[in-house]
Amino acid sequence: MNIKVRYFAAFREATGIATEILETSAATPAALFSECSARHAALQNYSASLVAVNDEMSDWETRLTDGDEVLFFPPVAGG
Amino acid sequence: MNIKVRYFAAFREATGIATEILETSAATPAALFSECSARHAALQNYSASLVAVNDEMSDWETRLTDGDEVLFFPPVAGG
Amino acid sequence: MNGFEITGQPIDVDTLRNYLADRSCGAYVQFDGWVRDHNEGQQVLRLEYEVYEPLAIKEGKRIIIEAIERFGVNNAYAIHRSGLMELSEVAVVVGVSSPHRSEAFDACRYIIDQAKARLPIWKKEYYASGDAEWVNCQRCASTV
Amino acid sequence: MNGFEITGQPIDVDTLRNYLADRSCGAYVQFDGWVRDHNEGQQVLRLEYEVYEPLAIKEGKRIIIEAIERFGVNNAYAIHRSGLMELSEVAVVVGVSSPHRSEAFDACRYIIDQAKARLPIWKKEYYASGDAEWVNCQRCASTV
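Protein chains in written order, with my numbering: chain A, 1 to 79; chain B, 1 to 79; chain C, 1 to 144; chain D, 1 to 144.
The hints are simulated quantities; they were obtained by calculation from the structure and are not laboratory data.
Treat the hints with caution; some may be incorrect.
Unchecked claim - Cut-off 20 Å, straight-line C-alpha distance, at most; resulting in silico cross-link-like pairs (SDA-like, lysine to any residue):
| # | chain 1 | residue 1 | chain 2 | residue 2 |
| --- | --- | --- | --- | --- |
| 1 | C | K116 | B | A31 |
| 2 | C | K116 | B | D59 |
| 3 | D | K58 | A | V53 |
| 4 | D | K124 | A | R63 |
| 5 | C | K58 | B | S58 |
Pulled out of the complex, with its shape left as it was, chain A reads as follows (with noise of 0.2 Å):
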């Protein structure tokens, strides 16, 4: 299936990449997060705080489906 993958903040800054289509059988957004971490080794040194699918906060073992927007937020400032 085809999902699509947004990198905010750092991870923008780490990937390089602010939006890509990936080709993947991710089943969630943990698997997917893994399988990029593998693409871009610069994500290895993080762990994602926060995840959304679709504009809507999600959790890390939400069911993707094919056509999906997965956002990948890193750790939010915190005061």
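Chain A is already provided as a structure; the job is to place chains B, C and D on it using the hints.
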């Protein structure tokens, strides 16, 4: 001894007096307030919540000395 | 900047906020006491604060210092009105600034709680019914 | 009045305060996040917020509603900056008004705590050393 007594807010309105000078043998603000309540019936319905002696917050068992000024404060607004 | 004031004039909240500006501080917490239009079922038209200033200022400054020492905040300032006030005016304002927010919240709350409990300031409410009453004095009478 | 906004313009705190004016409310609590001149030993010259607006606004409004339901306050509003900011500018402001103060403090603190934890907003600090860094990303990297 002579003690100057000042009444504030509800106490002043209840007694109709802002300031009076008493010849008294009351040893403490607590004893003095009892004495004042005996003289001003309207005070009998109130318990004073705070007392000051010579412009310092005080407790009810402080020793009074001749010439002291005692301030009786009704309960404060509380919010 | 630290301090405590009593004023008979409308409180300028921006002035207070500027007193507390500090580039080493990332957090600012402010509490305003506004004149409410009701209290215990009665419609309030306006109110009056009687303040015994010499002692209110002395105790007010003590409360500010206590809050700074206890919570480790950088700056704290409070201003309380005296005299007659209309609805929606600011009766009291407390501002605190500090590097982080948790202690700023704690210090601000401490200051207003202590101020309400300890300062020789009394509130008289004027009601639509024509009555006027010193707030809290009914309750205190019933607990004698 | 309730709401949540993201703005690229300087935040006008008085406007926010006016949104929350309510004659049935005796208490108003405001939190400001100011741009601090230091962080973890480095001198900060200015900073930048990256905001993913569609989701930040949706989640921000949810947080406001949660606070109102949870603490029973009358009004709550927050505004967060996006983009480049200078020292001493206001990065975020939260205001809450309610009849009494305790719930206003609790709700205001809840909103800023949740906002910091849940909103897709990232802070990049620019240091005197010439470096720039996304705040928290060193720490997050070390906890992988």
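Index of numbered hints that the structure contradicts, given in increasing order: As far as the earlier hints go, 1, 4 are violated by this structure, in ascending order.
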